[in-house]
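Number of protein chains: 4
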Amino acid sequence: MTYITKPIRVRYSDTDQMGYMHHSNYLRFFEIARLEWMASLEISYKQMEKNGIWLPVVSAEVYYKTPSYFDDELTIKVKLEERPMASLHFSYEIHNQHQKLVCTGLTKLAFLDAKLQRPVRCPKNLFEALKPYF
Amino acid sequence: MTYITKPIRVRYSDTDQMGYMHHSNYLRFFEIARLEWMASLEISYKQMEKNGIWLPVVSAEVYYKTPSYFDDELTIKVKLEERPMASLHFSYEIHNQHQKLVCTGLTKLAFLDAKLQRPVRCPKNLFEALKPYF
Amino acid sequence: MTYITKPIRVRYSDTDQMGYMHHSNYLRFFEIARLEWMASLEISYKQMEKNGIWLPVVSAEVYYKTPSYFDDELTIKVKLEERPMASLHFSYEIHNQHQKLVCTGLTKLAFLDAKLQRPVRCPKNLFEALKPYF
Amino acid sequence: MTYITKPIRVRYSDTDQMGYMHHSNYLRFFEIARLEWMASLEISYKQMEKNGIWLPVVSAEVYYKTPSYFDDELTIKVKLEERPMASLHFSYEIHNQHQKLVCTGLTKLAFLDAKLQRPVRCPKNLFEALKPYF
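Read top to bottom, the protein sequences are chains A, B, C and D.
With numbering that gives the first Met the number 0 applied, the first sequence covers 0 to 133.
With numbering that gives the first Met the number 0 applied, the second sequence covers 0 to 133.
With numbering that gives the first Met the number 0 applied, the third sequence covers 0 to 133.
With numbering that gives the first Met the number 0 applied, the fourth sequence covers 0 to 133.
In case anyone wonders, no lab produced these hints; they're calculated from the structure.
Among the hints, erroneous ones may be present.
A pair holds if it fits inside one copy or across any two, identical chains being indistinguishable in the list.
Stated by the list, open to error - Think about it this way: if two alpha-carbon atoms lie no more than 27 Å apart in a straight line, the pair counts; the simulated DSS-like pairs of lysine-lysine are:
{"id": "1", "residue 1": "K45", "residue 2": "K123"}
{"id": "2", "residue 1": "K114", "residue 2": "K64"}
{"id": "3", "residue 1": "K49", "residue 2": "K64"}
{"id": "4", "residue 1": "K76", "residue 2": "K99"}
{"id": "5", "residue 1": "K5", "residue 2": "K64"}
{"id": "6", "residue 1": "K45", "residue 2": "K114"}
{"id": "7", "residue 1": "K78", "residue 2": "K49"}
{"id": "8", "residue 1": "K76", "residue 2": "K123"}
{"id": "9", "residue 1": "K76", "residue 2": "K130"}
{"id": "10", "residue 1": "K114", "residue 2": "K78"}
{"id": "11", "residue 1": "K114", "residue 2": "K99"}
{"id": "12", "residue 1": "K130", "residue 2": "K49"}
Make a model of the complete structure from these sequences and hints.
Below, the structure written as structure tokens:
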């Protein structure tokens, strides 16, 4: 099971001098996708951080297939790759408005007790909300 | 009296599809300049924030004269425009490696007690360090 | 007469360590607003650039009133301040989801013949499309 | 054989609300490293682009080990992982001012004839300059 984002427009400031969206921005798009997904499950990442649980990125991979350009509309499919324990493992596929595959990717994020700076388990409400997806 | 930064190279990721450094990045360059200046006066902005004094930007102006390009080396002149009281008022001039004027600008920053979210006066050590410049 | 954008969410990557949206990003938001406005008038900025007319920013001012935070939803009002001749002069007001004023701003942009790198007049189709607004 | 960059300071605008350098910025730092290396070999990437050879990123991986913070000084080791043919395969290690490993990474970049948008071989001058490193 997969979550699909609303289309996200490539901004002028996202481009570089090749006219491509700069390759680093895809990591920001992955982040938008997973946060939009959590919001759609009524999980507030903002609240989770206020509760002292952080979710830093532990690893990230991007495989670029076709460039995107200013004003393109990108849609991101996100999937959970594993049952969430101490970390979340997402995979991504980005398509443009012509249904062309722009890139794929993977990220791992680890739950962190912000005060102790120590790994913790996935918060219960998030685990429950994600259950249909793993 | 003026502080002049070390040359700062325009990064590939700073460019946009016109091949220019994106105009929003000059505000980041102004920030680099004032922080480098403070560091040269042995004022750690990082420590100031840890001590609970923040310095958010209250207003900013940029007047763009000539574009800058990937790999350009920009030098920033910073000046204090006023004796620091509750705020710092800087002016900037950026030149490229050909001594051409790239842009000028102004920023005002206000001292803020981070906990109370209330304006405060310029910390004493910063005021003293800046004395030769106003 | 004024154009009002769809709400734009502050992204996690827009924040800085104060927890504010970094002040440089407002210039990117102003850009989104004016391009969304042009698109709503069926003016493709992308096409205009392909036709060899660029629209670089000549000056920009931002007056910050209240910070914005991750997940805030910002709405931008754009207005034309002057009849477009060789340049476009916009003013902006950004409000958050609590209808609080986040910042105001001004930008001037100049029409440029990209090949000759020389100023030109506002393209006729854009001038006509903007007529109701000045 | 390895190239090691000059220390690169984490900018205030690189941070996010966790106080970490945002994870997407490491891809920009990898880019700085490989371009600085090429410059040190007297290969101008800027000139290469003007000659019609682009070098877009085809894949990227980052393994985050320890966060970096505002004002940290990062040093990047770059290595060629393979003899350059139609692509360049780099690996990276970033250390902070305490000699702590911040992250490791990999990128593949492909040579592209910009006009034809077709893959090409590594330009001869770059191949020769890199010879001691593979």
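Ascending list of hint numbers which this structure does not respect = 10
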